[in-house]
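Colleague: Sequences and hints are given; from them, build the entire structure.
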Amino acid sequence: MSTRDLFTFRNRHFTVGVGVIAGMLIVTIVAGFIVLPFAQPWVQFANVWDAICSAAGVPQRAATVTAPEQTRRLSEVVLTSRTLSRPSQEAIGRGATLAQRCAICHGPTGISRADSPNLAGQYAAVIYKELHDFRSGARTNAVMSPFAVNLTDQEIADISNYYAYLPRLPAYHPTPQLPKPNIVIYGAPMRGIAPCGACHGSLDNKTGSPWLEGQSEVYLKAQLQAFAAGERRNDISQQMRNIARAMTPQEIEQAAAYYASQPPDVVKAVD
Amino acid sequence: MLVNRKLILAHFWLAFAVFGLALTLGAWQMFIRSPIGTWLSNPELYYRSLTAHGTVMGYVFPTLVAMSFGYAISESALEQRLVGVRWAWAGFWLIVAGSIMAVIPIALGRASVLYTFYPPLIGNVFYYLGVVLVVVGSWIWVALMSVNLRVWRKAHPGAPVPLAMFANVAGSYLWAWTAVGAALELLLQIIPVAAGLKATIDAGLARVFFSWTLHAIVYFWLMPTYIAYYTIVPRAIGGRVYSDSMARISFILFLVVAMPIGMHHTFADPQVGAGFKFIHSAFTALVALPTLLTVFTICASVEIAARLRGGCGMFGWIRALPWDNPMMLALAFSFVMLGFGGAGGLINMSYQLDASIHNTQWITGHFHLIFGGAIVIMYFAIAYDLWPHLTGRELIDVRLIRTQLWLWFVGMIVTTFPWHWVGILGMPRRMAYFDFGDPAIAPQALSVTLSAIGGFILLASGIMFIVILARGMRAPQVDAGPYRFALAVHQPATVPVALNTHALWVALMIALTLTNYGYPILTLALSEGTSVPAVYVGAQ
Ligand code: HEM
Ligand SMILES: [Cu+2]
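Read top to bottom, the protein sequences are chains U and R. Going by my numbering, the first sequence opens with residue 16, and the numbers climb by one from there. Going by my numbering, the second sequence opens with residue 1060, and the numbers climb by one from there.
Bear in mind the hints are in silico, worked out from the structure with no lab data behind them. Each residue gets a CB set at the ideal place from its N, CA and C atoms; glycine is no exception. Certain hints may be false.
[Stated by the list, open to error] Covered stretches of chain U, as calculated for chain R (at least 3 residues, CB under 8 Å):
#	region
1	44-55
2	68-76
3	149-159
4	213-220
Modeller: Okay, here's the thing in structure tokens:
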């Protein structure tokens, strides 16, 4: 009883086993690659080879359709796990120098007194993305856009790392802490709204989403309204526009007021 | 001749301990997303639990059961001391280490990627390394099963390999080869990204690799159950196996056609050509054959037992069966669940019907009925049957055993029938929260509540199972005698070489994998621009 007796056409089990399997395979190949493709009257194949390639899933260039003209710029930021990793002390120092021109609105310690966002301790990826978007025009703002146009990639990375490095201080104008509104803790699943914290840092942070605790109420409300109205559109795949559009005006008020009243220490740390 | 009882018991106990934990998580999941639970407000916790539940139930628990049962079969069917006991312990400790290594990042929320890995989602690298260790530990078992059979063959040239061992080794080869798909995905694609060496991943290719594993792993889970059908049940109820060759052919067919059909899990995937989807679904239809053969053979074997006990008439013999015997009960429950689950499976494998239940709760309902129901209930039966031989003590609580099996059966039906139903209504799976206050899904609240109640019945049954086994460790001592397997009506004196060895069928299994997977994997691997940036769990 050796493999020599097994793998030979004299062995009936071998012949039948291999024959049946090979037969099955051939029948299914003919059916799947030739018969069935042609059985679809709504698809046209030039010849049999064309049908076979299609059924095999050979990658094919789509017919030359030009992409629709984009009327407004979209966010083009690309961030990999290496873009902002482990900044050097010099990089942070360069960022600090560059950030002096931001202090007039965003505060010398990164805490704003002018209803501009607080940047101290903000996630580096967030600042990186917004500066890129201001520079490319995907996000526009009369004050910010001119500051951003002349920044180089390196400068943007340095500024981002500098602000991420600063300690998160309590906001300049803290109000008494408000209870959590439903829209913040539960979201509204039936309207496709996840809890805010699922991206914005108190439960989990999705890359590019800022933490919001202690930001200016006026600023938060204005941004939500801009998303809802489609005036701000640098959110990739409309992530925020879809949510803001589905929020009621009261929910926007509640969420903005709630976040403005929170200290930033509940936010997930950067690792 | 069960010599290495400690080894076998260690595997069983580890299996049932992790099973108990994962079962508790499962019941909690069911509860927390039902109308009777209150919303967690943190979906991340649900996905942690889901990852732990799926990883344990899919990878750790059934693998350990197959291993312990395999060692027991090797020693008792071959009547030969296990060769390579040290290696077996090494495999055991690898699984312990791997499980701990995987569970820590899950518990910390660093690996909430679910047991199917879901690239481009990427979790902590130790989660994947832990899974790899579990698989490597089980590969040691595969090697040992093969070595032990070879040693036995040397001593018994030309003799028919006992059916239990023949099937056991077939199962181990199936596992060795099916695990290669996920291993390639982990080693070539996911782990380099998780370790920070790469930042992008070809998610489509990863899904194809995973489908290589995902179908045949189901048959690996099924193997101990089928071995028990053929080699334990007839003996336990006083009958004989209707046909030894039919049994061998069934196991061979599983080996050959369970493997090259996994793309029925990618019906909805754009990166796989329709022709390959068709071939895989045609072969999927073929895999029903060994199950039908098994159902036929086992029903015939059971009928033999009934007639030996004086049963007569066309169906009258059914009453003559030993219904108070836990093994009889387990088999009947298992078959009923297999029947319903199999009918559901026909829907899943049909391209057009699948579109209506793809990614809905129907799928989870389906695999719980087949896997958690039909398969796991036989795991219980195997443990009950082996326990006195492993501990040298009697399991006295036969009534408790019967209650436990009944509860598992009833619990599984109560859990999974409504689960299927809400799937048909379109309820998606793997969601942490449903707002049943909304009129659009309010009508599903009742079904989901029923499932949650079923979940608690299952939990109660699972606890009873562990209590029965634990009490069995302290019961009065008995001499259970040698562990025996069922004999066939015509016990074979010689078996044709093709039905006594695995080489031909393993070769066909590998050949079919190459024909059915080779081209899709190669084109995806060689195409440019198919990778996407990884999404790191919990990363900034
Ligand atoms: C032996 C018994 C069981 C086995 C083998 C088992 C296996 C599995 C597996 C493999 C998954 C997939 C995880 C994933 O989708 O990532 C899963 C999911 C799940 N299991 Fe179990 N399970 C068992 C018992 C239970 C019990 C008793 C319950 C409670 C009723 C339960 C509830 C769930 C739930 C709720 C899910 C998640 C479904 C979803 O959200 O997609 N399981 N189970
Ligand atoms: Cu499958």
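Colleague: Looking back at the numbered hints, which does the structure fail to meet, lowest number first?
Modeller: 3
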